[in-house]
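Engineer: Protein chains in written order, with our numbering: chain H, 1 to 157; chain B, 1 to 127.
Honestly, the hints are just simulated from the structure, not real lab data.
There could be a bad hint or two in this list.
Lysine to any residue pairs mimicking SDA-like chemistry, simulated, CA-CA at most 25 Å apart [claimed, not checked]:
(1) B/K46 to H/R78
(2) B/K4 to H/L13
(3) B/K46 to H/A69
(4) B/K61 to H/A69
(5) B/K61 to H/L13
Reference listing, derived: stretches of chain B covered by chain H, where coverage requires no fewer than 3 residues with Cβ under 8 Å from a Cβ of chain H [said to hold, decoys possible]:
(6) 6-20
(7) 23-31
(8) 54-64
(9) 84-95
Beta carbons are placed, not taken as given, at the ideal position from N, Cα and C, and that holds for glycine.
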Amino acid sequence: MCDVARDPAALELLRVQRSRLADRMRPPWWYLSGVAILWALVFACPFSSRFLPQGVRIWPILVAGAALACLLQWGLARATGIAVATRTLRYPAGRPARITMIVVSFAALVTETFLIRHGLIVAAIVVAALAVVAEVAAQQANLRGIRQDLRAGGGAA
Amino acid sequence: MTAKPDPLIHPITRLSICGLLAAGADWLEFAALRDAAGISDSVLSKQSRVLEDAGYVEVRKGAVGRRPRTWFRLTAEGRQAVEGHLAWLAQLEEAFSASTRDVRQARPLPGDRDQPRRVLPPLLGRA
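Go ahead and model the full structure; you've got the sequences and the hints to work with.
Structural biologist: In structure tokens:
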């Protein structure tokens, strides 16, 4: 077996291998579609109070959304062979994208609620659609950040 | 974290496995690890067994349909050892590049024969 102490290229080899690993972390086509559906469900919530028929509750939709999120993460891990930490702020390069996602979601939900209260339904739908696009873009940036951290080994706990 | 060599992760194959597991992923699947490290199934199986026995790697086995799936991740002890070893290697690399730089600087330019020759620093690992 090769002894790395005499081989200064060992770290270089590891960098190449990590880069190869990071390249695997590309989401399949259905992942981003699923993310878009998930966020569409979230941004449809403010409309529920006004448009859902009497007796239909919102929480089954939220449970379905949470289940979809878990399913997407599981599917991504299965497809790429890389399970990333989702409950931590481990990946520093993806952190701005994750913060953006939180800020956009709060801002969009507040704006939608405000517009619906004032009867501006079309404007609220436009805001929701734009927010979905922004969230998908932020998720792509997040995955790019995770790839960058895997490449640099910066995602270590 | 102290930079210190670990004889268990010193061989290049185990270093690759551990280095990839320490890259930041929570769990890595067998095929992903094998492809990234550029090693065969049997080598990965053998070396991961060694690392698992040493308590450096945690192995989770499952199956999707009839296909077995094996996932790996570093234990806390393994992560500490890998980080120490990588820091030690980084120090070696730095020392190596510094010595190479010194050799380049010490080498006289053509036609500069009056310059006194400096003793070349020993190559890494031979000291």
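Engineer: May I ask which of the numbered hints given earlier this structure violates, with the numbers listed in increasing order?
Structural biologist: 3, 5, 8
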